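Colleague: Letter by letter, the chains look like this.
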Amino acid sequence: MGGKTDVENAVELGETRKSRVLAVDDDKTSLLILSDLIEHLGYEVLEAHHGREALAIVEREASNLDVIVLDKTMPEMDGVEVVAKLKRDPNARHIPIVMVTGSTQPEEIKEGIDAGVFYYLTKPYESNVFESIVAAAMREAVQRKFLRNELRKHQTSFHFIDNVQFTIHKLEEAENLACFIANCFPAPDMALPGLVHLLFNAVEHGNLDMGYSLKTDLMNDGGWFKEIERREDLPEYVDREVKVSLTREEDYIRVRIEDEGDGFDWTQYLEIDPARALDPHGRGIAQANKISFDELQYNDKGNIVTVISKIGSRINW
Amino acid sequence: MIKTTYVTLITIEGKINMSTFDYNTLNSLKDRMEEKFPMLVECYLEDGQGYIDTIKNQFPAGDLDSLIAAAHNLKSASGLLGAIKVHEVAGKLEYSGKAMLVAKDEEDVENIERLLPLYDSVYRAFAEAQEVLVSID
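If you read the protein sequences in the order shown, they are chains W and Y.
Residue 87 is where the first sequence starts when you use our numbering, and the numbers rise one by one after that.
Residue 10 is where the second sequence starts when you use our numbering, and the numbers rise one by one after that.
Everything labelled a hint here was simulated from the structure, so no lab data went into it.
Fair warning: this is a prediction, and the values are worked out from it, not measured in the lab.
For every residue, glycine included, the Cβ atom is placed at its ideal position computed from N, Cα and C.
Among the hints, erroneous ones may be present.
[Unchecked claim] Listed below are several chain W residues computed to face chain Y (Cβ distance under 7 Å; list not exhaustive):
hint, residue
1, D113
2, K114
3, I119
4, T159
Input sequences plus hints: build the corresponding full structure.
Modeller: This is the structure:
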């Protein structure tokens, strides 16, 4: 699904409505420009002029909202406070948020990241940068919706599984396996995005040897999925496997994912680095670490990742 | 610290010598927004004047927070519209105001008027931007 447009994906989901974005800014000029850019991307826009109005719209429309683009500096209730409230709302906490800030100071960006924002834009933004970041957030929203539908198809009696192993080769298989495994976790909805990111990483960055900057370039020119498909069939990669094992003990579930790649410096991806906050990708491991599991550990080389969720977890599902 | 800020302000004042607009940004907005562009200009000029007035009113009122908020919004809107000179000087005013706010906790300094030269620059830059915008077809 990664190579298709949002509209194609929406059609695949049987949805007739356009993807919808809530734009929030207290300055009318900025909001006019923001809304116009969003409309030009083919999305429907809802507008809010301050934090409280945004929260009221989300309360009413959460199930019909795909992405929120939120100004950080607003009077009365600033963007970070709005995010904190949204993250406490079970109906809204999944909606990807793009935070718009006038500052490129790492500490200001970190404040939003700590609150749970993974997408950033700094004003004044170029329209192509805007497009790239909002499209990345929309991809996450569409993928999440697609996977949540898939998740339901895989619901069976998983509590009898104690130990199971899988082998996958392709991204499509990674997606299906993530849905299957997620159902073994106490909160499948929360585990699912983390599993998808880690399995995708194992296939594309591990086995298919796609580096970070190459992926950035390919995503910016729209050729990412084609390149994945091309590499999946190359002789040097076609036999590579990702081995996945799931173990359930009395009080925890552990998933181990091992690829055949050269590994990578995973330490810089456990948290969102403010310097990479404007990139169109590179948030998956940090998101998995922050919201999906109790523990996430890599081996030194970086080709094996193990995640653990306690049953009766400290995570506020 | 405040003395340093003051010196910095004077230096900045002397250095401002840039174009009023980034015409690439302005023209691409005009092309993209088409019939909505005049509304955008009207909104910017009206709200921009409001921000200028708010900033000016804080010199007798002494409310740095309101001054900073107005300078921030003027900076943001101007940057998006391509009004780079207003963006630049409003940004300097915002950051200088923030620096003063921080220093105020440490020293009993009530010298909001030290920001007046920057306000003058913002005022002049906005007037220049206004002149350009009203002349657009």
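Colleague: The structure should be examined with respect to each hint, and the outcome stated for every one.
Modeller: Comparing the hints with the structure gives:
The beta carbon of D113/W is positioned within 7 Å of a beta carbon in chain Y (closest approach about 5 Å), and the interface hint is therefore held. For the restraint placing K114/W at the interface with chain Y, the shortest Cβ-Cβ distance is roughly 5 Å, inside the 7 Å limit, so the hint holds. Of the supplied interface hints, the one on I119/W holds, with its beta-carbon coming within about 5 Å of a beta-carbon of chain Y, less than 7 Å. At about 6 Å, the closest approach between the beta carbon of T159/W and any beta carbon in chain Y falls short of 7 Å, and the interface hint on this residue holds.
The earlier numbered hints are all upheld by this structure, with none contradicted.
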